[in-house]
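Construct the entire structure; sequences and hints are all you get.
In order, the protein sequences belong to chains A and B. In terms of the numbering used here, the first sequence has 212 at position 212, counting the first letter as 1, and numbering is strictly consecutive. In terms of the numbering used here, the second sequence has 29 at position 29, counting the first letter as 1, and numbering is strictly consecutive.
Honestly, the hints are just simulated from the structure, not real lab data.
Straight-line C-alpha distance at most 27 Å; calculated BS3-like pairs for lysine-lysine:
# : chain 1 : residue 1 : chain 2 : residue 2
1 : B       : Lys33     : B       : Lys72
2 : A       : Lys136    : B       : Lys136
3 : B       : Lys290    : A       : Lys290
4 : A       : Lys148    : A       : Lys290
5 : B       : Lys136    : B       : Lys33
6 : B       : Lys148    : B       : Lys290
Some, not all, of what chain A presents toward chain B, calculated at C-beta under 10 Å:
#  : residue
7  : Gly86
8  : His111
9  : Ser145
10 : Met202
11 : Val205
12 : Phe209
13 : Gly212
14 : His237
15 : Ser244
16 : Leu248
17 : His249
18 : Tyr273
19 : Gln284
20 : Arg291
Just so you know, even glycine gets a beta-carbon here, dropped at the ideal spot from N, CA and C.
Protein chains: 2
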Amino acid sequence: MTIPNDATTAGALALPQPYLLFLGDTTIPGYAKTAFGLRDWAGDRCVGEFALPGATVSAGLTPMTPAEAHAKGARSLVIGVANVGGVIPDSWIAGLIAALEAGLDIVSGMHARLGDIAALREAAERLGRRLIDVRKPPAGIPVGSGAKRGGKRLLTVGTDCALGKKYTALAIARGLRARGIDATFRASGQTGIMIAGAGMPMDAVVSDFLSGAAEMLSPDAPADHWDVIEGQGSLFHPAYASVSLGLLHGSQPDVFVVCHEPGRTDILGHPGYALPSIEAVIEQTIAMGKRTNPAIRCGGISLNTGALSPEAAEAEIAAHSERLGLPAADPIRGGPAFERLLDACLS
Amino acid sequence: MTIPNDATTAGALALPQPYLLFLGDTTIPGYAKTAFGLRDWAGDRCVGEFALPGATVSAGLTPMTPAEAHAKGARSLVIGVANVGGVIPDSWIAGLIAALEAGLDIVSGMHARLGDIAALREAAERLGRRLIDVRKPPAGIPVGSGAKRGGKRLLTVGTDCALGKKYTALAIARGLRARGIDATFRASGQTGIMIAGAGMPMDAVVSDFLSGAAEMLSPDAPADHWDVIEGQGSLFHPAYASVSLGLLHGSQPDVFVVCHEPGRTDILGHPGYALPSIEAVIEQTIAMGKRTNPAIRCGGISLNTGALSPEAAEAEIAAHSERLGLPAADPIRGGPAFERLLDACLS
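So, in structure tokens, the structure goes:
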């Protein structure tokens with residue numbers, strides 16, 4: 001099941017579809033979350049994947065060249081992998097130019113602007129193709145006001161990056177819609193924006209405007225409407241906590257769900273930085289979040305149990321729920337535990 | 001006593017010195033705060049001042065033309081005044097071009113970019129001079145690593161914006177140097193950058209790189225060296241808390257000093273947002289700051305008592321110190337209370 005297009009937020013991009021997913025020469029699955037997100041939530045709009053020699057990561061789609069993808073209807077190559085710092089390595093350039101020559105536009109969510117790479121810019125101009133940076137924030141973002149807005153808001157937060165905040169928000173928005181509730185997934189990162197067709201690339205916003213960008217992302221709404229907002233980073237992340245805090249303050253969530261991957265011990269890419277406890281994340285999120293919404297509360301826990309057997313996952317979910325006194329579920333597995341989590345978020 | 005030139009931050013902004021202070025045609029002293037700050041804290045690196053006809057405000061330096069300033073060693077003209085809206089009026093252009101023609105670069109902390117003014121851009125290109133916007137971050141800021149760096153660090157934090165975090169850091173750096181301690185003022189905003197001749201405009205940094213920018217601002221140093229870092233915003237500010245958190249995480253302070261203005265009740269520009277208590281600021285700063293420096297502690301309180309009589313100021317300082325069980329002082333007033341605050345920061 002895919003997520004409907006919610007292209008109702010200022011700054012929305014219209015991306016050429018279907019996509020060919022580009023995996024570069026990546027060997028670390030955690031860096032391919034864009035590709036996995038598009039496969040899972042916009043799979044009907046992905047014709048295949050394209051990897052360079054040396055890559056060991058796959059999204060499980062049919063491997064094909066850019067020319068084969070174009071013949072199957074693809075209209076853009078989406079860069080489905082990230083690097084630390086968001087740079088485009090030299091080793092990718094020839095493959096990206098091959099895509100332009102095959103008739104595909106290029107869509108990127110990386111920090112580096114496609115058009116800043118001379119070889120890509122020249123090839124795109126020569127071939128009449130587009131270079132689309134999803135990470136470029138819209139113009140005119142205001143300073144945050146802190147003013148209360150109408151409607152209900154749920155924010156996913158986490159013990160780290162890359163462990164399920166986007167998937168959890170997508171699944172909760174889908175679950176609320178399945179109950180007949182008017183709910184909108186709000187994307188705060190590049191993959192989410194590609195899935196939803198709209199959103200705010202929070203980590204690319206100039207810091208003075210972070211809260212204002214989050215306020216813009218989930219605008220005033222009817223009292224019974226739910227915005228389900230994709231979280232970013234973690235308040236405990238040594239590099240990205242400020243993005244998390246700007247999103248928390250500007251989102252003014254009524255409810256937050258803590259996302260966690262059982263078994264992860266250290267912050268991804270920062271060995272030696274121990275993962276915070278879920279209890280610590282709940283405490284800090286309430287302590288900071290009550291500044292802009294004094295009624296903020298934790299709705300429950302979302303566990304990424306993708307690496308576990310069904311039995312082990314069920315045991316982890318039960319153990320976390322009992323220890324914390326809160327509903328816990330893996331939204332990707334769904335089931336009664338997930339329905340109880342939705343109940344708690346709505347209560 | 002002025003603060004020494006600390007233009008040693010790798011990769012951060014570094015400004016050509018000494019300065020000629022430009023006062024425009026300003027008639028309102030409140031608009032010349034930058035010039036007064038430079039006079040007070042970088043007076044030995046200001047060769048004189050340059051005002052246009054109609055100006056009634058003086059920083060008390062020797063009046064001179066750009067050519068005279070260049071002959072006395074000046075290497076840049078610093079715009080020391082602000083206008084409503086942060087624009088550069090047409091009436092300034094001829095004077096600024098005269099400075100470029102005299103061999104001076106131009107340094108601006110205004111919102112408007114110097115290079116966006118065609119006449120200035122063309123003159124600078126023709127003459128081979130630089131237009132330096134202090135609000136524009138340097139290129140190549142990395143993602144924060146969270147890695148421990150050598151040396152000691154002190155960060156000023158606050159209950160709000162615009163209540164003395166820069167002056168407190170300047171005064172503490174001066175006080176430590178007066179004791180023979182190797183201390184460096186690290187500027188995180190435009191006026192501080194002009195005073196120090198180097199620094200990082202934190203509020204203009206893209207949010208993903210905030211902690212990395214703060215790490216760059218206070219690099220690895222000898223074990224007995226102190227960086228005294230100018231704080232930004234407040235962890236409780238509904239618009240700017242994320243800037244404060246990125247600076248806190250990246251600075252990894254051993255000691256922080258809480259800056260407060262007695263009598264201020266609401267966040268500046270956000271009526272209805274009550275000022276946090278000093279106790280709450282201490283608690284949150286430790287809770288968040290211990291993530292990158294588990295040894296973080298509060299060194300004391302800096303009170304901005306500029307609006308009070310000497311007797312009322314002394315009473316406020318004593319009352320805060322007794323209530324909190326911490327040294328409190330107004331660094332601008334100095335005296336034994338300030339020396340006790342320095343003792344506590346060093347202990």
